[in-house]
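Protein chains in written order, with my numbering: chain A, 114 to 370; chain B, 114 to 370; chain C, 114 to 370; chain D, 114 to 370.
No lab work stands behind these hints, which were simulated from the structure alone. Among the clues, some could well be false.
It does not matter which identical chain is meant; a pair holds if it fits inside one copy or across any two.
Restricting the straight-line Cα-Cα distance to at most 25 Å, the calculated cross-link-like pairs of lysine to any residue (SDA-like) are [as the list claims (entries may be wrong)]:
id: 1; residue 1: 261; residue 2: 290
id: 2; residue 1: 214; residue 2: 251
id: 3; residue 1: 214; residue 2: 252
id: 4; residue 1: 162; residue 2: 132
id: 5; residue 1: 162; residue 2: 325
4 protein chains.
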Amino acid sequence: MKTKMDINCDLGEGYGAFMKGNDEAIMPHITSANVACGFHAGDPVTIAKTLRLAKKFKVAIGAHPSNPDLMGFGRREMGLTTEEIRNYLIYQISAVHGFAKTLGIELQHVKLHGALYNKAARDDETAQAAVQAIKAYSPNLIVFAPPKSAMAEAARKAKMQVAYEAFADRAYNPDGTLVSRRKPNALITDIQAIAKRVIQMAREGTVETINGETIQLGEVHTICIHGDTPDAGKVAESLKKALLKAGIQVIPVSSFL
Amino acid sequence: MKTKMDINCDLGEGYGAFMKGNDEAIMPHITSANVACGFHAGDPVTIAKTLRLAKKFKVAIGAHPSNPDLMGFGRREMGLTTEEIRNYLIYQISAVHGFAKTLGIELQHVKLHGALYNKAARDDETAQAAVQAIKAYSPNLIVFAPPKSAMAEAARKAKMQVAYEAFADRAYNPDGTLVSRRKPNALITDIQAIAKRVIQMAREGTVETINGETIQLGEVHTICIHGDTPDAGKVAESLKKALLKAGIQVIPVSSFL
Amino acid sequence: MKTKMDINCDLGEGYGAFMKGNDEAIMPHITSANVACGFHAGDPVTIAKTLRLAKKFKVAIGAHPSNPDLMGFGRREMGLTTEEIRNYLIYQISAVHGFAKTLGIELQHVKLHGALYNKAARDDETAQAAVQAIKAYSPNLIVFAPPKSAMAEAARKAKMQVAYEAFADRAYNPDGTLVSRRKPNALITDIQAIAKRVIQMAREGTVETINGETIQLGEVHTICIHGDTPDAGKVAESLKKALLKAGIQVIPVSSFL
Amino acid sequence: MKTKMDINCDLGEGYGAFMKGNDEAIMPHITSANVACGFHAGDPVTIAKTLRLAKKFKVAIGAHPSNPDLMGFGRREMGLTTEEIRNYLIYQISAVHGFAKTLGIELQHVKLHGALYNKAARDDETAQAAVQAIKAYSPNLIVFAPPKSAMAEAARKAKMQVAYEAFADRAYNPDGTLVSRRKPNALITDIQAIAKRVIQMAREGTVETINGETIQLGEVHTICIHGDTPDAGKVAESLKKALLKAGIQVIPVSSFL
Chain A
114 MKTKMDINCD LGEGYGAFMK GNDEAIMPHI TSANVACGFH AGDPVTIAKT LRLAKKFKVA
174 IGAHPSNPDL MGFGRREMGL TTEEIRNYLI YQISAVHGFA KTLGIELQHV KLHGALYNKA
234 ARDDETAQAA VQAIKAYSPN LIVFAPPKSA MAEAARKAKM QVAYEAFADR AYNPDGTLVS
294 RRKPNALITD IQAIAKRVIQ MAREGTVETI NGETIQLGEV HTICIHGDTP DAGKVAESLK
354 KALLKAGIQV IPVSSFL
Chain B
114 MKTKMDINCD LGEGYGAFMK GNDEAIMPHI TSANVACGFH AGDPVTIAKT LRLAKKFKVA
174 IGAHPSNPDL MGFGRREMGL TTEEIRNYLI YQISAVHGFA KTLGIELQHV KLHGALYNKA
234 ARDDETAQAA VQAIKAYSPN LIVFAPPKSA MAEAARKAKM QVAYEAFADR AYNPDGTLVS
294 RRKPNALITD IQAIAKRVIQ MAREGTVETI NGETIQLGEV HTICIHGDTP DAGKVAESLK
354 KALLKAGIQV IPVSSFL
Chain C
114 MKTKMDINCD LGEGYGAFMK GNDEAIMPHI TSANVACGFH AGDPVTIAKT LRLAKKFKVA
174 IGAHPSNPDL MGFGRREMGL TTEEIRNYLI YQISAVHGFA KTLGIELQHV KLHGALYNKA
234 ARDDETAQAA VQAIKAYSPN LIVFAPPKSA MAEAARKAKM QVAYEAFADR AYNPDGTLVS
294 RRKPNALITD IQAIAKRVIQ MAREGTVETI NGETIQLGEV HTICIHGDTP DAGKVAESLK
354 KALLKAGIQV IPVSSFL
Chain D
114 MKTKMDINCD LGEGYGAFMK GNDEAIMPHI TSANVACGFH AGDPVTIAKT LRLAKKFKVA
174 IGAHPSNPDL MGFGRREMGL TTEEIRNYLI YQISAVHGFA KTLGIELQHV KLHGALYNKA
234 ARDDETAQAA VQAIKAYSPN LIVFAPPKSA MAEAARKAKM QVAYEAFADR AYNPDGTLVS
294 RRKPNALITD IQAIAKRVIQ MAREGTVETI NGETIQLGEV HTICIHGDTP DAGKVAESLK
354 KALLKAGIQV IPVSSFL
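Same shape as in the complex, but just chain A (with noise of 0.2 Å):
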């Protein structure tokens, strides 16, 4: 039974004059943000300031890399080489690391960024590059993943450390996948629903699924919120109260892993 858990969310997505997200609301209650680098979102002024409120937080910090898709917010696939690939996420992830240097931080982990993340969950190819360029920028950072995942099987293969990550507000299907937004009932609002289904998750790792089946996830480390839900600083904050009233540790994955 896990009596630690960290809760992670994607942060820094505006861009420019494009704002998006809730940081200020979200950022209290949260242990990891996954900083998006500039390729989806996330101008340099914005890594600045999304690092800034995560050192007055004491929030750790990932490098969020993304295909280079601005107009299309990183959600669409494209059909990189691996050498794209690699060189892509070494860009991002040294560029937000440089802000985290300047700020006297450390970079603690990296998070694949929409459809780089989906892609890198299932194809061993992409996966084994993503990988093969987080542990050449540094064999230390902590990698996030799907507990079954290509992404989470090639950074063991390559001994980096992987944090398994499973959704809050995500419904699941029976094979263990997330069901599709485009479905029905993909996203869980109910606040109260989304705790007890992350303390299911933490203590017993495992998840009701979309058909009422209970499967395994395996362990998992780090729970994901979404950030660009009008109330999610509210979810968050309520998700840490109830993680902590049931006895589990809200705190950032590089202390217990």
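We have chain A; now place chains B, C and D onto it with these hints.
Chains B, C and D in isolation, oriented as in the chain A frame:
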């Protein structure tokens, strides 16, 4: 009298399928490469290739950050705030440094590109913001700047090392500024003449202006050659030979500053 | 005394997944929409949506071209050549017009955006280049410009129709320019006050400056309201009602210029 | 037996200071120019220059729209929705057409670029979305497509004119598709061989595959030559001469389709 000189050149100025310059022909003959960081040129794959080439020829590398203006190749002035300048520089320097890290090589210097270089040469606020960013990232980086410039002044005040730069193939005005490229005779193309000028810069710290006067440049540590002319490789090669023949060592500026 | 007035607003200022403004709340209450063309905002999907919404509410549309500066939302001055200005405008105007064509609606006007609007208001060369491009594309387009501006002057000289624009919610300096947004009281937020000012602009062609003086604006054909404040829809609605109550028809400028 | 043939080439594929291709050498010898529209290449200044050059040599022009992927030169597949495809095409076609309008020339055709061309050749949904956009913009545009392709099929169904395209300098597989550029002998560089192949395509509608078989291509209206090889101008010139000598008129496809 100077007996050591650095030769620098802007390299890695392609972008994806867009090629530019003659990096392979030039790299063997220079000692410092200014590497485009993605804002005016230099996508991640190009950065990686450029650094591998620099490593092969033991050329020291620097970041060559720009205004965010790919369409204008960073040659157009932009009304950036000092906050924007600072963060755009940290982003770009970090990105190039990250690739250097993966190759086990150091980042030697920062040289601003194009319109940003020109603005920082004459505008105190821009220069101070730029120096602040470079220092925040790493106080050990060498700042490339014209001898008498706001940028050099700001770097000295910030206790940063400054490498004074002169231009091998550009005509000078009597006030020590460069003759605009739009004017006749702004570019010196005769290889012999270029070598002669550079030797005089090294030995005397002077240059003959477009009017025929001789003016003081002050101490010069690094000579900039251009990489985008068809015979840039030959210019580099013959310049290096001429300097060596004149008893001037051609080595990276970090080894003698 | 004017009995007809156009209300214009910048719309379609999202970009892909980045949303901005309250287009759905504002569109029913205005008569001319300035549509972002892709250079500061307005990807193709957003342009199409914006035009469909304009068509639904019978709002006349205009192109709202910008400097190529997505990261700075077109608010930063750029040192563009007149050749660049001309071609950037033709590109953007054409693109928006193409969507209009597919929907069977007309392109009524062109209003420059942000830093380009400001520069063309005071700089003859910029204004002439902009007007030249608009006229080259179509001599029937209406040019939106401040009453006393280089842009208005250039348009008149080129025999183009000009709609003189005033700002509903911005304070004016005694010289007729707008008070910088960075100064206190630059924005007028009281809905009643806004309506009162606009009625005075329409009836008298005057405005009370930030110092309390009354100055001549000259004839005003179109009133700009801002779309990016939370209650922009309400402002638009109440302004239209107030104008109607005051006996002023609210219709697209092309119907009375 | 065909006695008329169009020669097309992708031109205007520079971007700002990034040059690409040999437009000036090629333009005099072709009859249709496919003009990059800004998404993979072709900033507005380049579009304007390309159209002026086409006008000078009485070359018919077409829009050459792409995925939004400047970094990958439009050569990478992207998971675009049909709504995105439609609107990206309308945007790009409109932009190029706008420049044509200012020069008093017509837009003859649309040819998709790179990865989008390839996807539309084999995927019905993509092809239908593309054709829908082209027709919505103008039902008079000619669609360039491979003879046996989803794109040609979709255009025919939509009652659009289709120009069947073959490639002068690419090897063919036995199934009529092109040999991948990564394979040996994919490119035919011998100028005589190119001319001979094209004459056979024109006269017989057949081509010899990489295996030595002769296959039916069907009717061919336009021959694509590549503009990015160093001797592209010479290839164009000698191809045109060879066709003329063989009694085949070389004229824009709109004049005989």
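Which earlier hints can't be squared with this structure? 5
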